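Residues in the sequence shown are numbered consecutively from 10, following our numbering.
For the record, the hints were derived by calculation from the structure and aren't laboratory data. Keep in mind that the hints are not guaranteed to be accurate.
As the list claims (entries may be wrong) - Taking lysine to aspartate or glutamate and the EDC-like style, the derived pairs with C-alpha atoms no more than 20 Å apart in a straight line are: (1) 43 with 31; (2) 36 with 47; (3) 29 with 47.
Quick caveat: nothing in here was measured; it's all calculated off a predicted structure.
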Amino acid sequence: MIQALIGPIASLAGSWMESKVEQTKAKGRVAQAKAEAEAEVMKVAATHEAGWEKIMAQASDNSWKDEAWTILFIIIIAMCFIPPLQPYVREGFAALDATPPWFQYAVYASIAASFGLRSLKGLRK
């Protein structure tokens, strides 16, 4: 009688094991597909980012805006070292500080774009 039960129990256990193996394989295939999809997304993002960089570099080839910002900064820095001009620098920055936040961010964005920075994360408090 026990031998009659062993066959069906062994068959049931074998089926259960096969089911678990298939579940594990399926989970592995899902994980692999997800990893491949994420890799493809990252690849496409990197390609688009490189394309954006190239377009921006080509667009700024004939632009003077980065030179203009550099010259302006040099003038402001020089004025800080000339005592009669220091009050004008202080008053200028006080006036800029009184402008609306949207204008200040627009200035930050203009400067960042001129120098090739695509993010203002480091400029915000």
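To see whether the hints hold, each was checked on the structure:
1. 43 with 31: Holds. Residue 43 to residue 31 sits at ~18 Å (cutoff 20 Å).
2. 36 with 47: 16 Å, holds
3. 29 with 47: The given pair, whose Cα atoms are some 27 Å apart, is violated under the 20 Å limit.
The structure is inconsistent with hint 3 alone, although it conforms to all the rest.
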